[in-house]
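Go by the hints and put chain B onto chain W.
Protein chains in written order, with our numbering: chain W, 18 to 551; chain B, -18 to 296.
You may find that some hints are simply not true.
Subject to a maximum C-alpha distance of 30 Å in a straight line, what follows is the list of computed BS3-like cross-link-like pairs (lysine-lysine) [stated by the list, open to error]: (1) W:LYS144 with B:LYS155; (2) B:LYS48 with B:LYS252; (3) W:LYS144 with B:LYS240.
FYI, nobody ran anything at the bench for these hints, they're computed from the structure.
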Amino acid sequence: MGLLRLPSFFGYYNAHRGLLSNQMALETINHNIANVNTEGYSRQRVDLTTGTPYPPATMSNFDDAGQLGQGSRVLGVTRSHDNLLDAQIRTQSNLLEYQTAVSDTLKQVEDVIGEPSEFGIDTAITKFFDAAHTLSLHPDDMAIRTTFIQEANNLLTTFQQKANQLQDIRTSIVGDPLVASTLDMSQSYLTVQEINTLLEDIATLNGQIVQVDGSGAMPNDLLDRRDQLLEELSKRINTTVEYSATGQISVKLGSNLLVQGARLVDTLAIVTNTNTVGPDPVRDDVPALVGLTSSPPTAASNLNGIITGGKLGGLLAVGGNTAGTTTIRSVMEDLDSLFREISTRVNDLQAGFGTGVPPAPYTGVRDLNGNAPVAGVNMQIYYPPPGGFPRLQIFGFTINSTVLNDPARITAAYYDPTIPAPLAGTSSGSDGRNIARMAQLQDTLMGGLGNLTYQEFYKNAITNLGTGTQNAERSAENLQNVVDHLTQRRQSVQGVNLEEEMVDMMRFQRGFEASAKVMATLDEVMKTIINTIA
Amino acid sequence: MSISRVSSNYLVEQGVSYVQNSMSMISKLQEQIATGQQISAPSDDPARLAQLLRITKEMNQDDVYEKNIDAGISEISAADGAITSILEVANRARELAIRGANGTQGSEQFYALAREVDSLLGQVVQLGNTSYAGRYIFSGFRTNTPTFSVAGSNVTYNGTPPTSGYQRTVQVAKNTTVAINVNGRDLLGEVTATAAGPPATVTGQAGLIYSLTKLKLDLENSDIDAVRADIDLITTDQNTLLKNQATLGARLNQLELTKNRIEDWRIVQTKQVSQIQDVDMSEAISTLNLHQTSYQASLGVLSRILQTSLVNFLR
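Isolated chain W (complex conformation):
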């Protein structure tokens, strides 16, 4: 029979280790409970293992009972975390925030357009043509003439009001190149600042994590914080995260490196696109350009094309000008085209030329006093903006104030050359035939609008807006469901369950008590031995 020689206080140390292990576990539970409501917190677990058994394996062998355990020891504190779930959530949140930004903005656009409503453009158009019909029946009635020109003015102001409100929305998102300092107050600018702050913080955290890692500990809370920052970043822009073998991460936008480990390589910059100021009402570039601070963006070279997700992507998309998508600009252009078509025809009829030339045998148009329209005075109802006007034309139209103040100047009548002297030229009184033609514009197919009537064109524009908004809303809803589902799974992995912690707390408390009891018992044994000898 072999004798295993134990050191005298062998048991004390084992009990002590037991106490320590249970105490550490309790501290970790303490930490978990304290952080039950902390955003992004992953619950932590103490990893316990057995101590190295005694004696160690050597060449000298004892004919004895074998190795004796040396209590427990703490391997480390690990967090329950699933990096794959995180990556999935980042991807889906990115898409969700994009659609949310788009749908929120388009909903604002819908509010401005305000259809169906009595105060919308459709009703204004109807009222204008109604007034034309009435005028054609009573062209000698000054009150009815006044009403007609006021409805013409109302039509213009309704269009302009809507266009201005839409421009305001666009400015609040991507700034207005014609007004200094609007970019700095825009949502895109603020989002870029947020992104840059996040990049800085991630780089800093990377540095701290490396330091802790290097000393052999697990920087659990720092890792949690970094994961949270990465998620916030992905909500704003579609960056990619790459993990290196050493556990360090790099953050890239496309192929552009932004953060590598502890180093903040580059940040984002956003500038006003000065290339957008031009008189051509069709071309108008994206008002804001995003690029790297190291190579500032220009109209020719910028990163707008690769920012396709996140809040910034959504804002740039809906505030930009991509053909075939519903943007604020596309709605404004529709209003612009519509009003220009209306005003051209109305002006032509007022002047009696172009599309407004009277049918044979009539050779001109006349106002209430039998006068032909005079250039610079009453040949137009709507003055278009001068050439070189820097905005969409809709913003620059004005009503002819001469005609507004003197409705007799509206040319309701035809000039009939077949009427002989002494009544030559003018038919007076009830000739409203020119205005009757204006009233018929409401049902005329306009080539410039793709062979649609005014209101059909408007209806199509509104329907496109509605569909675009609906699509964005539905995508956002679907993505929200996906994100919710993934978040739930993540919570099930890393969330703290108070009941679980309570039970564990009791468990480790009992363990601690038991180890303490063992310590006391061994102490008694020691006392007995000592007392026996002494």
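Chain B alone, transformed into the frame defined by chain W:
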């Protein structure tokens, strides 16, 4: 979805999100019930909004057409009445002409007939100057000018000549207009010069005014043969008047039929608009009750979850 492990926060978050869902449904129904409208923004239902815009535009246009039709009906009725009165005068004049052509009259009787024809002429001119709603309806476009003016024995037409565009029209449907007036000179003729004769000659355009002027002069000349010829003139004039009246009658018919069609169609369109846009109140309110109940239930569940914890059961 069954989850094997549930964190404490998750139960609460899930409970809150269910409550939020109920609240947003209630909010949407609230808006619908308060406004009575199903569609308050294009994205609610773009296809049906397009339909709605189309129908309301058509209804507005139909309202305008109806107004036009009413104006047309009123004026045509006035013209019709005037022509009826003129026909009565023409009948009387014809009788006088027949009597004059009889040959058994003495010069005093001829003189008396001539005086009566003169007064009939005056009535015709007055009827030719009929005005409705402040307009001289037989003047073509020159409705602020009296249609006929008398100077001596000349009766001049002052309106738009029938050789030029004189028809005033109203639009009653998309590409349909209806003329509502007839030309005074075509209707009643004109006298630009006279010569007492005998034989009396009258220059101008044929018509009742021309015929009566000639008749008066012939009677004053006791010219029986000329008076006999005048009877035929008056017969022709009566036909002209009847023809014009028939034209106006046909137009009146067209206007009334169109108006009836518009009124019938309006009923259909109103129903269509209501189907698209109106909220079914009873359905909405009962759905609202349903959601309110589920809202209260989810609040109840949430409060229970929040209160239950293992801590309550330990010691």
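Tested hints:
{"no.": "1", "hint": "W:LYS144 with B:LYS155", "in the structure": "holds (17 Å)"}
{"no.": "2", "hint": "B:LYS48 with B:LYS252", "in the structure": "holds (22 Å)"}
{"no.": "3", "hint": "W:LYS144 with B:LYS240", "in the structure": "holds (21 Å)"}
The structure is consistent with each of the numbered hints, conforming to all of them.
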